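Colleague: Residue numbers (this note's numbering), protein chains in the order written: chain G, 944 to 1248; chain U, -5 to 359; chain F, 409 to 501.
Since the hints were derived computationally from the structure, they do not count as laboratory data.
Don't take every hint at face value.
[Stated by the list, open to error] Quick partial rundown of chain G residues pointing at chain U, CB under 7 Å, derived from the structure:
| id | residue |
| --- | --- |
| 1 | Gly999 |
| 2 | Gly1000 |
| 3 | Val1001 |
| 4 | Ala1002 |
| 5 | Asp1027 |
| 6 | Gln1055 |
| 7 | Asn1057 |
| 8 | Ser1058 |
All values reported here derive from a predicted model rather than from experimental measurement.
Beta carbons are placed, not taken as given, at the ideal position from N, Cα and C, and that holds for glycine.
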Amino acid sequence: MLTLASLGPRELRARLRGPGLRLQTGPFVTCVQSPLALLADTLAAMYADYPVLEEGGVADFHVRLSGSNGLRRLVRPQVHFHYDGMAPFQPLPLAQAFPMFEWAMNWCVSSQANSWLVIHAAVIEKSGLAAILPAPPGSGKSTLCAALVNRGWRLLSDELTLVRLDDGRVDPLPRPVSLKNASISILRDYAPEAAFTRPVADTVKGTVAHMRASSESVARAQETAMPAWIVFPKWQAGAPATLTPVPQARAHMRLAENAFNYSLLGETGFQAVARLAEQVRTFDFEYSVLDDAIAVFEQLLRERA
Amino acid sequence: MTALPVQLPLLLRALREPAAMAAFSEREWDLLLRQALASNLAATLGLLAEEAGVLAALPARVGRRLGWARTVWERHLQAVDFELRQIKRALAGTGLPLILLKGGAYATAGLPAGAGRLFSDIDILVPKEQLADVESLLMLHGWAGTHHDAYDQRYYREWMHELPPMQHMRRASVIDVHHAILPETAAARPDPARLRAAARPIPGQEGVYTLAPCDMVLHSAVHLFSEGEYHHGLRDLFDLHRLLCHFGAEPGFWAALPARARELELARPLCYALRYCTRLLGTPVPAAVLDAARAGAPHAALQALMDALFLRALQPPHPSCADAFDGAARAALYIRGNWLRMPPLMLSRHLLHKAFLSPKAEPAR
Amino acid sequence: MSSLPIWRLVPGQRLVHRCHDGECVLFNDLTGDTHLLEEAVVALLQALHAAPGPAAILAGSDGLPEADPDLLDELDEVLADLAALSLVEALPC
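Build out the structure end to end from the sequences listed, making use of the hints.
Modeller: This is the structure we're talking about:
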């Protein structure tokens, strides 16, 4: 199986500039086109282990990230995202090309992948069991997720939890983990062997960097997991790591609020969330020290054994 | 005579002959999916494939992708159903028959033209004299007027054939109240009273009607060939095709169609409709009907111009198709608004995207 | 409490729901909305499903928790709220 790394830089650029790079992430194939050297380089770093497919197959999504034309290129150049000929979002400064690519990839899945219940949540796995971490931005979900995957938990996804509608298992979608502001240096210290992009400043979310998904998580991207816990994390300065159970009906409502396509799926969505709320233990989780947080997850796993 | 493109775009081939989809290669499917999505026909394509018995034979990734679009459509139907109930309730006091137009009519009557079809507004037809009553009742039940500036108000009330669209304050759904099918300012004046008189009840839906078959076809033709919006050109042409195929089986339909067109002053749109349906989609129209419809044709030079315009405009609005639309027109291809309580195709309700990626403003209606 | 109007479930409402520990989630299959309701309210809806009736009669139905004075007092209000959610409707007598 061909990986992005095996293409080599020249072939990578040729595909990106030409017919498109067909990149497999979890269950999806995305045809990526872009003339931007910055994006090519970052893809090479962050997606080295990912499968690439030959031309002539079916892609789920077609995305293009291009630069500005004419004079705009010289003065505050921008990056534009096109979804197969349509441009649904405003352009961003060129330096934000990789974050834009990541957000665009997320948007493709969250707005269309209706054969799953798609939850805005991180999801990690150990011993075949998955912990789902939904959270609005700013709750520290990505930091916690990034820490856990550097302490023995497998990354299934950083942003998009794909719950299968037939059996309720989670399909992995391992992709770079996004980190903001203070979390970047925290994770650098916590996981010195992990690979990070150079931080990009002045985005709407502040300074943003991405941490590469481990080769193992990419290699095991076809290995599903059964949800066992839903944990709503909240980083709180000085807080001891504490789990507070969430009643089942409330867990249902909160999951529904955090799912992109819950309403769209109608009764199927209701049943998928109800099944999930029933089969897992749901908690609110406060913490401040990462090691303490990890210990709590390990304890949950032990209780389950 | 203007020639058709040598090789019809894949989407047209699929629409003309759904069974042929089984033979398309993966490479062709990759392109076809994109054309279908750009034309808002992905859900329809999946249903056509199923009807032709070939859905299971398609590549797995294709079947899955078409399924995503189908889910959207199924949810859409539920929303339409509920919306209709609420409209019935609101207007019960008027004693008026609830005459549905366009997408709402196809969906509620379960017509083939409704399969996979999405639409953003519900359109109804009421007598002009009752417009004010209808408007106040709708407002009483939570619909609010839109387009508040003086010019827009005048545009709709004085010049157009409809009230400004009304949007429900809680559900965000939109209803368009028409009193005619063409603006006051148009050259042709199809008499709305005749349309209303011929309206047909929808079985199983007390008090709800569609236009008569000929009138539904003519309205669809008028809508496509007069209103100047071609974003959904191929989709609208396919509506016509399906309506013609379905009602063509009813005795008397073909005989009545050209005559009714003349009666309603819509011979020209009918001529265009039949011409482009037969040429692009291979609609089986009896020769006698085509002959009769030619009476409404423009003279040769104008016809050639129209051919050039429409044959281009009615292609899939996708970069892969020759003479594709400009960017602005393509960008308009999505379902407007949040009226299904879900994000529109291009927007995600959630903070993830709104916080970082700013959606472009919707183009003007 | 008034004896009019007669209340009933909105026709076609299937009351798709799940309950746990006194709280329920209910999917309104007509509107597509999901609601968090107390178990007692779901019992009320099920009573209506069995037979439409005026509030006074509903208050004495089987299945409604006997000693739930709050619910009974506020029955009219609860029914009005449920009507706003398109779960129930009032028929004029």
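Colleague: Could you tell me which of the hints above the structure violates, numbers in ascending order?
Modeller: Every hint satisfied by this model.
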